[in-house]
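Got chain C sorted already, so can you dock chain H onto it with the hints?
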Amino acid sequence: KAGVTQTPRYLIKTRGQQVTLSCSPISGHRSVSWYQQTPGQGLQFLFEYFSETQRNKGNFPGRFSGRQFSNSRSEMNVSTLELGDSALYLCASSLGGPLETQYFGPGTRLLVL
Amino acid sequence: DQQVKQNSPSLSVQEGRISILNCDYTNSMFDYFLWYKKYPAEGPTFLISISSIKDKNEDGRFTVFLNKSAKHLSLHIVPSQPGDSAVYFCAFYSGAGSYQLTFGKGTKLSVIP
Chain C
112 KAGVTQTPRY
122 LIKTRGQQVT
132 LSCSPISGHR
142 SVSWYQQTPG
152 QGLQFLFEYF
162 SETQRNKGNF
172 PGRFSGRQFS
182 NSRSEMNVST
192 LELGDSALYL
202 CASSLGGPLE
212 TQYFGPGTRL
222 LVL
Chain H
453 DQQVKQNSPS
463 LSVQEGRISI
473 LNCDYTNSMF
483 DYFLWYKKYP
493 AEGPTFLISI
503 SSIKDKNEDG
513 RFTVFLNKSA
523 KHLSLHIVPS
533 QPGDSAVYFC
543 AFYSGAGSYQ
553 LTFGKGTKLS
563 VIP
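Sequence order for the protein chains is C and H. Number 181 in my numbering belongs to position 70 of the first sequence; there are no gaps in the numbering. Number 532 in my numbering belongs to position 80 of the second sequence; there are no gaps in the numbering.
Please note that the accuracy of each hint is not assured.
[Claimed, not checked] Sample of chain H residues at the chain C side, in silico, Cβ under 10 Å:
| hint | residue |
| --- | --- |
| 1 | Val456 |
| 2 | Tyr488 |
| 3 | Lys490 |
| 4 | Ala493 |
| 5 | Glu494 |
| 6 | Gly495 |
| 7 | Pro496 |
| 8 | Thr497 |
| 9 | Pro531 |
| 10 | Tyr545 |
| 11 | Thr554 |
| 12 | Gly556 |
To be clear, the hints were calculated from the coordinates, so they are not data collected in a lab. Just so it is clear, the structure is predicted and the values come from calculations on it, not from any experiment. Idealized CB from N, CA, C, for every residue including glycine.
Looking at chain H on its own, in the form it has when it is part of the complex:
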């Protein structure tokens, strides 16, 4: 029973355009949301996070949007750069006292020069 779904296994975007990565979840207890990116042969790198009390958080080229009623999380990268090519994972903490992350299966982003 997947609590977290990243329905697009892969995404290709032209350099300079917007990349939109999506994540859907079923557990309404999820309270804090994170995005990680992963290059081959490296561990995941933290990108950006958002609390359930917010609907948007920005950090440079990265913006995360949260729609709690739809149980939907998205990551926007503008403008996309070739160095952004990686696998992106959404991850969730369940509840205010949680120490355990639940991950989606990832979306492979390819930014074409």
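Chain C extracted, bound-state conformation:
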């Protein structure tokens, strides 16, 4: 079974721009979660989608948004990029029940200049 895939793997943007990242979950998985990893803050939860609905949200500003499609694929958008948004963005999928193991993709490395 194919794992979680994320595109693109690497991205360079400038301040003020916006960016869209994509995540394809493991087949049959209906939940997709997004995390931001930075050296200072570690892995932090952004939001989680299940059946096209945002079910959980972390403590990030409204510039961070996401959506999920009917095939469970998910996109994450960051508007008005700031230097501090430079990070590894990780997507994880699970079957969707509580306390399910989450399986991670390889991440998208975003650099904001």
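Relative to chain C, chain H alone:
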């Protein structure tokens, strides 16, 4: 306010010996505990998990111990192998209906041949 602390940023162990990675938490609502390992340029890989109703879970060379009264989680790797060299994260679900993982900041394990 860190709810999860991995107090050792790094650990070096000789090949064949035991590696012990530790994690302390403050939130007594944490209900389900997981360990992930991460290689550079890859997403975290699930290793092993334990429910709050247990105090030990084994999977091959990996054993996780939970001490709820001390709010302490540990991962034992026996015997350690060079391929185990990676960053290890503990992660927690808070409550039976939780879909959001809270991560520690990680411990970098180096297994020396």
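Hints and how they fare:
The interface hint given for Val456(H) is met, as the beta carbon of that residue sits about 9 Å from the closest beta carbon of chain C, less than 10 Å. Restraint check, Tyr488(H) versus chain C: the minimum CB separation of about 8 Å is within 10 Å; hint holds. Annotation: Lys490(H) was flagged as interfacial toward chain C, and the flag holds, the nearest CB pair being 8 Å apart, inside 10 Å. A hinted interface residue such as Ala493(H) counts as satisfied when its beta carbon comes closer than 10 Å to some beta carbon of chain C; here the least separation is about 7 Å, so the hint holds.
Checking Glu494(H) against chain C by beta carbon gives a least distance of about 5 Å; that is within 10 Å, so the hint holds. A cut of 10 Å between beta carbons decides the hint on Gly495(H): the least distance to chain C is about 3 Å, and the hint holds. For Pro496(H), the interface hint holds, the least distance from its beta-carbon to any beta-carbon of chain C being 5 Å, beneath 10 Å. At a threshold of 10 Å, the smallest CB-CB gap from Thr497(H) to chain C is about 7 Å, leaving the interface hint in force.
A least Cβ separation of about 25 Å between Pro531(H) and chain C goes past the 10 Å threshold, and the interface hint is therefore violated. Annotation: Tyr545(H) was flagged as interfacial toward chain C, and the flag holds, the nearest CB pair being 5 Å apart, inside 10 Å. Among the interface hints, the one on Thr554(H) holds; its C-beta lies about 7 Å from the nearest C-beta in chain C, closer than the 10 Å criterion. The beta carbon of Gly556(H) is positioned within 10 Å of a beta carbon in chain C (closest approach about 7 Å), and the interface hint is therefore held.
In the structure shown, a violation is registered for the earlier hint numbered 9 alone.
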